[in-house]
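> Produce the complete structure using the sequences and hints provided.
For the sequence shown, this note's numbering assigns the number 1 to the initial residue and increments by one for each residue that follows.
The hints are simulated quantities; they were obtained by calculation from the structure and are not laboratory data. Here a beta-carbon is modelled for each residue, glycine too, at the ideal position from N, C-alpha and C. Warning: the hint list may mix true and false statements.
[Stated by the list, open to error] With beta-carbon atoms standing in for the labels, derived distance ranges:
1) Asp30 x Ile54: 35 to 41 angstroms
2) Asp31 x Tyr101: 41 to 47 angstroms
3) Glu12 x Asp100: 34 to 40 angstroms
4) Asp30 x Asp100: 50 to 56 angstroms
5) His22 x Thr103: 36 to 42 angstroms
6) His22 x Glu99: 16 to 22 angstroms
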Amino acid sequence: MTAALITGPALEPVSLADVKAHLRIDTDDDDALLTAAIVSARVHVEAVTRRVLIEQAWRIYLDTWPRRRIVGLPVAPLISVDAVTVYDAEGAPHVVDPEDYDTD
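In structure tokens:
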């Protein structure tokens, strides 16, 4: 299984202003460094917990159907499934009707 981030979060869980207030920083000299640290911290927490903190869009690729036809997702929580596409032996895509799959 391969998971690809399609659309990252629109914002971070902690703002730059909040971090600067917490650290009692008044200048803008380190804004780029602090912003990078915020992003790095979110990415680390999401990787360790396998849970996203802010809404994101992911695409999951499978080479074969898993046993019992249950696809375990590498990230959570699931908000929605936009589409399920299956490719036949010739490589032609077929969009699966939402009535034919379930999410839990």
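> Look at each hint and say if it fits the structure.
Hints and how they fare:
no., hint, verdict
1, Asp30 x Ile54: 35 to 41 angstroms, "23 angstroms, violated"
2, Asp31 x Tyr101: 41 to 47 angstroms, "45 angstroms, holds"
3, Glu12 x Asp100: 34 to 40 angstroms, "37 angstroms, holds"
4, Asp30 x Asp100: 50 to 56 angstroms, "52 angstroms, holds"
5, His22 x Thr103: 36 to 42 angstroms, "38 angstroms, holds"
6, His22 x Glu99: 16 to 22 angstroms, "49 angstroms, violated"
Violated hints, in rising order: 1, 6; the structure is consistent with all others.
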